[in-house]
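*Asks:* Single-letter residue listing:
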Amino acid sequence: MSEKLGKIADGLLHGKIDEVGELTQELINDGMDPEEILQKGLFAGMDVVGKKFRDCEMFIPEVLRSAKAMHAAMEKLRPVLSEESSSKAGTVIMVTVQGDLHDIGKNLAGMMMEGAGFNVIDMGIDRKTEDIVEMVKKEKPQILGLSALLTTTMPKMGEVINALKEAGIRDQVKVIVGGAPVTDDFAQEIGADAYAPNASIGTEKALELVKG
Amino acid sequence: MPKINQTIQTTPSFRVLSENQIEMIYSAALDVIQSTGARFHHEEALELFKNSEAVVTDGNLVRVPLSLVEKAIKCHPRKINLTGRTGKYKIKLEKDVVNFGTGSDLPFTYDRETGERRRTNYNDVVNAARIVDFLPNLDFFMSHGIVQDVPNPQVYDRHQFMAMLKGCTKPMVLTCVDGDGLKDLWKMASLFRGGEKEYRLEPLFVTYIEPISPLKNDKTAVEKLLFSAEKGIPCMYTPCPSSGATAPATMAGMLVQSLSETMMASVLTYLKNPGMPLIMGGVTTVLDMITTTYSYGAPELSLASAANTDISKWLGLPMFSTGGCTDSKVLDEQAAIESATSNFYAYLSGASLVHDVGYIDSGVNASLESLVMNDEIIGMIRQMGKGINTEDEYLALELIDKIGPGGEYLTSEHTLTHYKNWFQPRLQDRSDYETWVREGQKTMNDRIREETDRILKEHQPEPIDDKIQKELEQIIDAAEKRHSK
Chain A
7 MSEKLGKIAD
17 GLLHGKIDEV
27 GELTQELIND
37 GMDPEEILQK
47 GLFAGMDVVG
57 KKFRDCEMFI
67 PEVLRSAKAM
77 HAAMEKLRPV
87 LSEESSSKAG
97 TVIMVTVQGD
107 LHDIGKNLAG
117 MMMEGAGFNV
127 IDMGIDRKTE
137 DIVEMVKKEK
147 PQILGLSALL
157 TTTMPKMGEV
167 INALKEAGIR
177 DQVKVIVGGA
187 PVTDDFAQEI
197 GADAYAPNAS
207 IGTEKALELV
217 KG
Chain B
1084 MPKINQTIQT
1094 TPSFRVLSEN
1104 QIEMIYSAAL
1114 DVIQSTGARF
1124 HHEEALELFK
1134 NSEAVVTDGN
1144 LVRVPLSLVE
1154 KAIKCHPRKI
1164 NLTGRTGKYK
1174 IKLEKDVVNF
1184 GTGSDLPFTY
1194 DRETGERRRT
1204 NYNDVVNAAR
1214 IVDFLPNLDF
1224 FMSHGIVQDV
1234 PNPQVYDRHQ
1244 FMAMLKGCTK
1254 PMVLTCVDGD
1264 GLKDLWKMAS
1274 LFRGGEKEYR
1284 LEPLFVTYIE
1294 PISPLKNDKT
1304 AVEKLLFSAE
1314 KGIPCMYTPC
1324 PSSGATAPAT
1334 MAGMLVQSLS
1344 ETMMASVLTY
1354 LKNPGMPLIM
1364 GGVTTVLDMI
1374 TTTYSYGAPE
1384 LSLASAANTD
1394 ISKWLGLPMF
1404 STGGCTDSKV
1414 LDEQAAIESA
1424 TSNFYAYLSG
1434 ASLVHDVGYI
1444 DSGVNASLES
1454 LVMNDEIIGM
1464 IRQMGKGINT
1474 EDEYLALELI
1484 DKIGPGGEYL
1494 TSEHTLTHYK
1504 NWFQPRLQDR
1514 SDYETWVREG
1524 QKTMNDRIRE
1534 ETDRILKEHQ
1544 PEPIDDKIQK
1554 ELEQIIDAAE
1564 KRHSK
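The listed protein sequences derive, respectively, from chains A and B.
Take any residue in the first sequence, count from 1 to its spot, add 6: that is its number in the numbering used here.
Take any residue in the second sequence, count from 1 to its spot, add 1083: that is its number in the numbering used here.
Some clues are possibly wrong.
To be verified - Derived EDC-like pairs (lysine to aspartate or glutamate); straight-line CA-CA distance at most 20 Å: (1) 1412/B x 191/A; (2) 1299/B x 128/A; (3) 1564/B x 1232/B; (4) 1568/B x 165/A; (5) 58/A x 1371/B; (6) 134/A x 1261/B; (7) 1266/B x 1279/B; (8) 1302/B x 132/A; (9) 1299/B x 132/A; (10) 74/A x 53/A; (11) 1412/B x 190/A; (12) 57/A x 1371/B.
Derived by calculation from the structure, the hints in this document are not laboratory data.
Let the hints inform the model, and build the full structure from the sequences given.
*Replies:* See the structure below:
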């Protein structure tokens, strides 16, 4: 069985989406502890991907293919994971705030987070503050990722955070903000938990925040 | 005796795409519009399409038969004249006349006092305007930075235009928040011409509008397009695809998609009111696959932009291209390399407006020094574009014979006449080493900084007439009041 774990890690590295999904299912069927599959197979493989990306040996398109393979594996694994394990790979809501239709940065960050094992719910673009708050209430995510490209729509991110406070659920979710005009100062000013200057840092911050 | 069967090339000649390749890209773009379509998030636009030969499905997905696309694209004027507020500066937007200018709306400015990056304010835009007003090789002005020290971001555009007008008398390209914003900017600009109809004869600005690639058009972009069509305001619909992320990773694929996006806008404005002056464009670049930065220094940006310019010339539309910009965070060697190469390529391509001169930090940070550096680069490039004159006076056969072996040309009348056509650098150093040491061992960066200081200290543009100033302020005040409700 441990040979299959190695194959999973290798499959992730080479972005073999179907193979990684199938192997994960096989190990679950074989009765391996889901936590072991997660740690020694999936996270082990994605750690190598992360390292190779930092060393400029892998580029975004390859990393995203690995992320897709991770996603395929997590689809199989998530239903059998213990509550404690699945919170390590928690839920993220990603959304572009109202008035803004730009989404490439948000989508990229979402895919990278899937690669890190998160369950990503994409609310899409141009979403009203109240819709975002409703979704947070309903899905109870660990992380809310807010995106805006325009200086004119950026203030909406602060509005969402205030609305979360008013709804009494601000402390139940960590908020990460990103987008070209956003800065660390701005993130602090509006009371966000973290600022993501790019998708991979966003993913790192999300992992830090769920670890607490 | 004059010769027959001669071809004289008065300037260098450059192209990226052959006519057959342009036809392939154009044909593919027609297919995209007819089969894939584009989304429009705007009710009136969807109504206009529904009442035409276009087909609207899935709520807002518009597909247009190519017969209508081809009708629309032929309706735009082949040239556009722009005149600055005082009438002193005029530019022509047409094939192979290359005008250089700034970009717009950078959220940050490099602070000259502290050396830090900070949020751009009103005064930064006035300063950029004054620099551009002075620099001889910059022909049009975009705001460089985005004014953020205003009470309501929804009316920033009116304040920004005021800052631009205050500092600069050259023609402009303007961004605006929405249709209402554009209406105010157009009213403000019309004041300098004494009326709306008069304004149409001598427009001061081009409206900058962009779709969201791939193939998406948001409400405010469409509002601006429709208002421009209604009033005949020159406008550009300029996609900003990042190859590999919001467009195909191949240059040809990115060009097909961009052209489809622009031609979709052409159809919409045709349905509203045919004949709007339309400028093609696009910041067609790559997403860096390590940093995910939308690159302003990539060679692919210049390559794709020059190819896009070939397409624009074939279509008979003026072109909005890109140059003089960089991914570097500061004005360093990287900034100089990327600025120079992109300016040169854009110039050779013959684009009508080359914008984003002075952008640093991948289109996020504004540098005044970069404008000053680029002015020198553009001066050099324009010199290289002059070509070689081969008439008798220039072949100088008589002179060579007269001076003879071992003679000198320094004291001849011919030299006195023709050396004046050379490029004389204002900032580059060509001195000998000893002189350079004696004069303080200044680097290019030092000289750029000093020149920037000098311009800011000395150059004042022609002021705005008091009466017009008041009327401009009234328009802005009214907008503030409307939006504070």
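*Asks:* Next, verify each hint and record whether it holds.
*Replies:* Against the structure, the hints:
Between residue 1412/B and residue 191/A, the direct Cα distance comes to roughly 19 Å. Compliance with the 20 Å bound is thereby established for this hinted pair. Only pairs whose Cα atoms come within 20 Å are accepted, and residue 1299/B paired with residue 128/A is accepted, the gap being roughly 18 Å. The hinted pair formed by residue 1564/B and residue 1232/B meets the criterion: a straight-line CA distance of about 17 Å does not exceed 20 Å. With a C-alpha separation of about 18 Å, the suggested pair residue 1568/B and residue 165/A falls inside the 20 Å cut-off, and the hint holds.
Restraint check for residue 58/A and residue 1371/B: the C-alpha separation of about 16 Å stays at or below 20 Å, so the hint holds. Among the hinted pairs, residue 134/A with residue 1261/B is consistent with the structure: their alpha-carbon atoms are about 19 Å apart, no more than 20 Å. Using a Cα cut-off of 20 Å, the hinted pair residue 1266/B and residue 1279/B holds, with the two alpha carbons roughly 11 Å apart. For the given pair, residue 1302/B sits about 11 Å from residue 132/A by alpha-carbon distance, which is consistent with the 20 Å threshold.
Distance hint between residue 1299/B and residue 132/A is fulfilled; the C-alpha atoms sit about 13 Å from each other, no more than 20 Å. A distance of roughly 15 Å separates the Cα atoms of residue 74/A and residue 53/A; the hinted pair therefore holds under the 20 Å criterion. Proximity of residue 1412/B to residue 190/A is assessed by CA-CA distance (about 17 Å); at most 20 Å being required, the pair is judged to hold. For the proposed pair residue 57/A and residue 1371/B, the alpha carbon gap of about 18 Å is at most 20 Å, so the pair holds.
Checked against the numbered hints given earlier, this structure breaks none of them.
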